[in-house]
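Trainee: Knowing the structure of chain W, use the given hints to seat chain S with the ligands on it.
Quick mapping for you: the protein sequence lines, in order, are chains W and S. Going by this note's numbering, the first residue of the first sequence is number 1, and it counts up by one from there. Going by this note's numbering, the first residue of the second sequence is number 1, and it counts up by one from there.
Honestly, I wouldn't trust all of these hints.
Identical copies carry no separate label here, and so any pair may be met within one copy or between two of them.
[Said to hold, decoys possible] With a cut-off of at most 25 Å between alpha-carbon atoms, the simulated SDA-like pairs for lysine to any residue come out as follows: (1) LYS405 / LYS459; (2) LYS405 / SER298; (3) LYS314 / ARG3; (4) LYS255 / THR144; (5) LYS314 / GLU402; (6) LYS405 / PHE416.
Because the hints were derived from the structure by calculation, they are not lab data.
There are 2 protein chains.
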Amino acid sequence: MVRRWLLRHLTFYRLHAAYFLVLACVGAGLLWFCRRRERVGGSDGSPKLLDCVFAAVSALTVTGLLTVRVGDFSTLGMLVLLILMLLGSHVFTSLLPLYVRRFHFSRSPTHERQQVEKHCDTRQVQDKYLIAAYMSLEHKALITLCWLVPAYFVGVQLLGFLAISCYIAVGPPEVREVLQRESVNATFYGFFSTIAAFSNAGMTPLDENLISFPDPALLLPMSMLILSGNTMFAPSMRFIIWCLYRCTREKNPQKQVYEYLLMYPRKCFTHLFPQVHTVWLLITVVAFNAIDFVTFRSLDWNSAALKGMRTMDKLMAGLFQSINTRSAGMNVFILHELSAATLLLYAAMMSLYYESDLCIYRVKSWETDQVQDNKLSVQYRKLLSRDSAYLFLCILLICTLETRKISTDPLNYSVFNIVFEVISAYGNVGMSMGYSCALTKEENVTHSCEDVPYSLSGKWSANSKILLVAVMLVGRHRGLPDNIDSAIILPHNFITNILDTTCIFNHKKLNSN
Amino acid sequence: MVRRWLLRHLTFYRLHAAYFLVLACVGAGLLWFCRRRERVGGSDGSPKLLDCVFAAVSALTVTGLLTVRVGDFSTLGMLVLLILMLLGSHVFTSLLPLYVRRFHFSRSPTHERQQVEKHCDTRQVQDKYLIAAYMSLEHKALITLCWLVPAYFVGVQLLGFLAISCYIAVGPPEVREVLQRESVNATFYGFFSTIAAFSNAGMTPLDENLISFPDPALLLPMSMLILSGNTMFAPSMRFIIWCLYRCTREKNPQKQVYEYLLMYPRKCFTHLFPQVHTVWLLITVVAFNAIDFVTFRSLDWNSAALKGMRTMDKLMAGLFQSINTRSAGMNVFILHELSAATLLLYAAMMSLYYESDLCIYRVKSWETDQVQDNKLSVQYRKLLSRDSAYLFLCILLICTLETRKISTDPLNYSVFNIVFEVISAYGNVGMSMGYSCALTKEENVTHSCEDVPYSLSGKWSANSKILLVAVMLVGRHRGLPDNIDSAIILPHNFITNILDTTCIFNHKKLNSN
Ligand SMILES: [K+]
Ligand SMILES: [K+]
Numbered sequence: 001m002v003r004r005w006l007l008r009h010l011t012f013y014r015l016h017a018a019y020f021l022v023l024a025c026v027g028a029g030l031l032w033f034c035r036r037r038e039r040v041g042g043s044d045g046s047p048k049l050l051d052c053v054f055a056a057v058s059a060l061t062v063t064g065l066l067t068v069r070v071g072d073f074s075t076l077g078m079l080v081l082l083i084l085m086l087l088g089s090h091v092f093t094s095l096l097p098l099y100v101r102r103f104h105f106s107r108s109p110t111h112e113r114q115q116v117e118k119h120c121d122t123r124q125v126q127d128k129y130l131i132a133a134y135m136s137l138e139h140k141a142l143i144t145l146c147w148l149v150p151a152y153f154v155g156v157q158l159l160g161f162l163a164i165s166c167y168i169a170v171g172p173p174e175v176r177e178v179l180q181r182e183s184v185n186a187t188f189y190g191f192f193s194t195i196a197a198f199s200n201a202g203m204t205p206l207d208e209n210l211i212s213f214p215d216p217a218l219l220l221p222m223s224m225l226i227l228s229g230n231t232m233f234a235p236s237m238r239f240i241i242w243c244l245y246r247c248t249r250e251k252n253p254q255k256q257v258y259e260y261l262l263m264y265p266r267k268c269f270t271h272l273f274p275q276v277h278t279v280w281l282l283i284t285v286v287a288f289n290a291i292d293f294v295t296f297r298s299l300d301w302n303s304a305a306l307k308g309m310r311t312m313d314k315l316m317a318g319l320f321q322s323i324n325t326r327s328a329g330m331n332v333f334i335l336h337e338l339s340a341a342t343l344l345l346y347a348a349m350m351s352l353y354y355e356s357d358l359c360i361y362r363v364k365s366w367e368t369d370q371v372q373d374n375k376l377s378v379q380y381r382k383l384l385s386r387d388s389a390y391l392f393l394c395i396l397l398i399c400t401l402e403t404r405k406i407s408t409d410p411l412n413y414s415v416f417n418i419v420f421e422v423i424s425a426y427g428n429v430g431m432s433m434g435y436s437c438a439l440t441k442e443e444n445v446t447h448s449c450e451d452v453p454y455s456l457s458g459k460w461s462a463n464s465k466i467l468l469v470a471v472m473l474v475g476r477h478r479g480l481p482d483n484i485d486s487a488i489i490l491p492h493n494f495i496t497n498i499l500d501t502t503c504i505f506n507h508k509k510l511n512s513n
Numbered sequence: 001m002v003r004r005w006l007l008r009h010l011t012f013y014r015l016h017a018a019y020f021l022v023l024a025c026v027g028a029g030l031l032w033f034c035r036r037r038e039r040v041g042g043s044d045g046s047p048k049l050l051d052c053v054f055a056a057v058s059a060l061t062v063t064g065l066l067t068v069r070v071g072d073f074s075t076l077g078m079l080v081l082l083i084l085m086l087l088g089s090h091v092f093t094s095l096l097p098l099y100v101r102r103f104h105f106s107r108s109p110t111h112e113r114q115q116v117e118k119h120c121d122t123r124q125v126q127d128k129y130l131i132a133a134y135m136s137l138e139h140k141a142l143i144t145l146c147w148l149v150p151a152y153f154v155g156v157q158l159l160g161f162l163a164i165s166c167y168i169a170v171g172p173p174e175v176r177e178v179l180q181r182e183s184v185n186a187t188f189y190g191f192f193s194t195i196a197a198f199s200n201a202g203m204t205p206l207d208e209n210l211i212s213f214p215d216p217a218l219l220l221p222m223s224m225l226i227l228s229g230n231t232m233f234a235p236s237m238r239f240i241i242w243c244l245y246r247c248t249r250e251k252n253p254q255k256q257v258y259e260y261l262l263m264y265p266r267k268c269f270t271h272l273f274p275q276v277h278t279v280w281l282l283i284t285v286v287a288f289n290a291i292d293f294v295t296f297r298s299l300d301w302n303s304a305a306l307k308g309m310r311t312m313d314k315l316m317a318g319l320f321q322s323i324n325t326r327s328a329g330m331n332v333f334i335l336h337e338l339s340a341a342t343l344l345l346y347a348a349m350m351s352l353y354y355e356s357d358l359c360i361y362r363v364k365s366w367e368t369d370q371v372q373d374n375k376l377s378v379q380y381r382k383l384l385s386r387d388s389a390y391l392f393l394c395i396l397l398i399c400t401l402e403t404r405k406i407s408t409d410p411l412n413y414s415v416f417n418i419v420f421e422v423i424s425a426y427g428n429v430g431m432s433m434g435y436s437c438a439l440t441k442e443e444n445v446t447h448s449c450e451d452v453p454y455s456l457s458g459k460w461s462a463n464s465k466i467l468l469v470a471v472m473l474v475g476r477h478r479g480l481p482d483n484i485d486s487a488i489i490l491p492h493n494f495i496t497n498i499l500d501t502t503c504i505f506n507h508k509k510l511n512s513n
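This is chain W alone, in the form it adopts within the complex (with noise of 0.2 Å):
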């Protein structure tokens, strides 16, 4: 009884939000446990319960906004921040249904193939090996998924890891002076610096985020990781598939399997695509950062932000953060520097998420692939009609919120800060205007005014922060299909599934084995 109410209430969607809200619950509470308490009464104060909440969902949904310093944490809590982001980073959690999948697979493939082989009598399709070759090749084509992926996971990871540290060791000596500075170690830096990249969460164990370091050496592999941590981790899968199947002998089984995975993508892996898709999603990629970068070019080339750097740096500098404005939001700039051209840009880029993001088609099955091609409108006209009502509500109840230090400090709290702030909270994106002192009227500066390394959340009242969390969690299961999607099929939908796709499954390779 228990069971088959579970399988029957148990969409993908609300199996995604239960384990975001575990993990999150968990990953909040011991943060709490792991806040550095000598702060108390210090100018910031240590960080309460609700910033340790906002923290471990801004980890866990790989935003990067932060209502307190990274260094407010332990070294235990950076730690516990480091793992909510990789549990949390789109290429682990595209391992999950995957998993289940083979699992489903090797359990039972006796009863599953008397079933396909039952129906499919129905509708008079009598190539039963067809359909048993079809089912070898699906297990296959999974197993085969379940070492490639994390293969990739920790392979990048490794080298960008490397990369980094070798720059850190051998690089200028004011990246060490700076960490020794801030006591944080240099191993540890690269460690979280890696996984945070990757998983597009956009932390760093330093205040500053990026900003000491503009240096190319350093933001190049940076920038590498994010890429194959998000907009660049299918087509990247595909391009080591494809070089295996080269690879791949003649006679080796092996080969019929990568084909598989070629041909028919989306039946084994959420962040598989077509060709056609691929090619058009690296496209977009390159187009959309073209465009980023070519406004910051031309608008903020010799801006403050950029006082002091060289040609090379400023180059480098501007990709990096053109790249950062898709998804991962990490800094090199102050942001409130550039211009007003520029930031209204990033915001539109943040808004504008697509399928790269999402990395599930809303398609119904596997064959209609071919046909859905303009993707990108279809799913920006869903968003913007359907969750810009509630963002816009959002963001109206903040302001109703912040109302007394929108008055009183018009400059930091204004209507398109605040809603940078959302936009980047939807988009787990976490590029925030920040908190400037010397924006504020003269008259307004406290004797305590200090300018934050964190967010501009932070300054924002409790009840605004909760608000922001919510936009967190809902902005990371934006675009998520119930249970449409062939790859993510669980298993009391999957012969059912099976069956709709295998009885027009009539691949001439197959038949000519």
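Mentor: Using the frame of chain W, we list chain S with the ligands on its own:
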């Protein structure tokens, strides 16, 4: 040849656009000759040509934004503005297709009837008497509307003019003092205000708009005029026709015409809706104004903008401002003194236009009237996805063009204020945050800083103003169909349209006669 080419390429949209472009050019030329030249060399200078174009387009598109004072034009210039408002008002433009259709009907009824009969024969529809009766009814309905709508147009404005004139003559002496001080003729003021309110253009001959007179006795007739000229136009027309239907005796053939209008409103007039839609429209008008007012009541009841007002005045002023947010754009408050949340809501309301503004359904034919209930969401989604991209680009360009002003005077030229102005222009609302010296940084206050009584856009560069002119024009054409609405079908498409609908036409009432 020319006639055929014209008929093929003249869609309703293009005719509409040509009408506005020609009138805008003529109006701008006239305003250029009617500017007050004696102000040359003053602090603001005489209006430049661009300002004349801006004013002409603003009046014609009933937006009401101005880059100069209304008083910078001579009385003759104001008269030009007045005529432009009249020619551009929604009620007036709704008359044009009506007369075109009536003209077509009366010109060649026999030819048409032949065509109808010929066409219907092929469709095996035998009842020719039915079609003849229908044709005659439609013709009579058009004739009825051709005097009813002008009567409404003149009648409502006459009543409004009388009410406002009475108020000026009998009301508190301060009003007359202000008018005398600004040397504005009282009758002219009443005349101008009436037309500006009814056409929803939102201009007044006084620089301060209505901020000097927050008197319920003036605001009430103004509200009535604003509502009956825009959101309440369609419901009022239906109500009047319903009254006429009720008051007409059973034997009078005109009774059948009214009944026909009530049953098939969309066949005859762009601003007549079926009963369900009319009720729904009323509900949305009330609901939207209620949301605006409740927000205002809860956030701004004690704000600086309402200082020194009595409760009754506050109530009426708040209600008036809510009504104005939808389209008219008259001000009783200095907007930037209101709370950020209220302003944000106003911005949203401006961008969220619904059918009553649009007044033309995107229906293929009148039969589908009954199933098009979820109009709002569909329209809103379409608007968002298509036009929001252009609007965003426009905002981005303006932010780029005004970069220097944004950085030196961030409170007056905040991103929100710029977005507010552009949305206001696009929605043809005409609310503006204005420019206030109190908001400039002290070090930047020049000797000549003067609070300007016109829109924020008056302080922008020429290129930005040109962009805004385009936005106003495009905004006035938002949601216009090409040729698909049966109520605006042009002669060359008319026959086919009539046939498509007539052959399905099966009105039992007609049969019984
Ligand atoms: K992020
Ligand atoms: K207006």
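Trainee: Against each hint, give a clear statement of whether it holds in the structure.
Mentor: Structure-based check of all given hints:
no.	hint	verdict
1	LYS405 / LYS459	within (10 Å within a copy, 28 Å between copies)
2	LYS405 / SER298	between (34 Å within a copy, 17 Å between copies)
3	LYS314 / ARG3	neither (58 Å within a copy, 61 Å between copies)
4	LYS255 / THR144	within (11 Å within a copy, 79 Å between copies)
5	LYS314 / GLU402	between (36 Å within a copy, 24 Å between copies)
6	LYS405 / PHE416	both (14 Å within a copy, 16 Å between copies)
Hint check: a violation occurs at hint 3 only; the rest are consistent with the structure.
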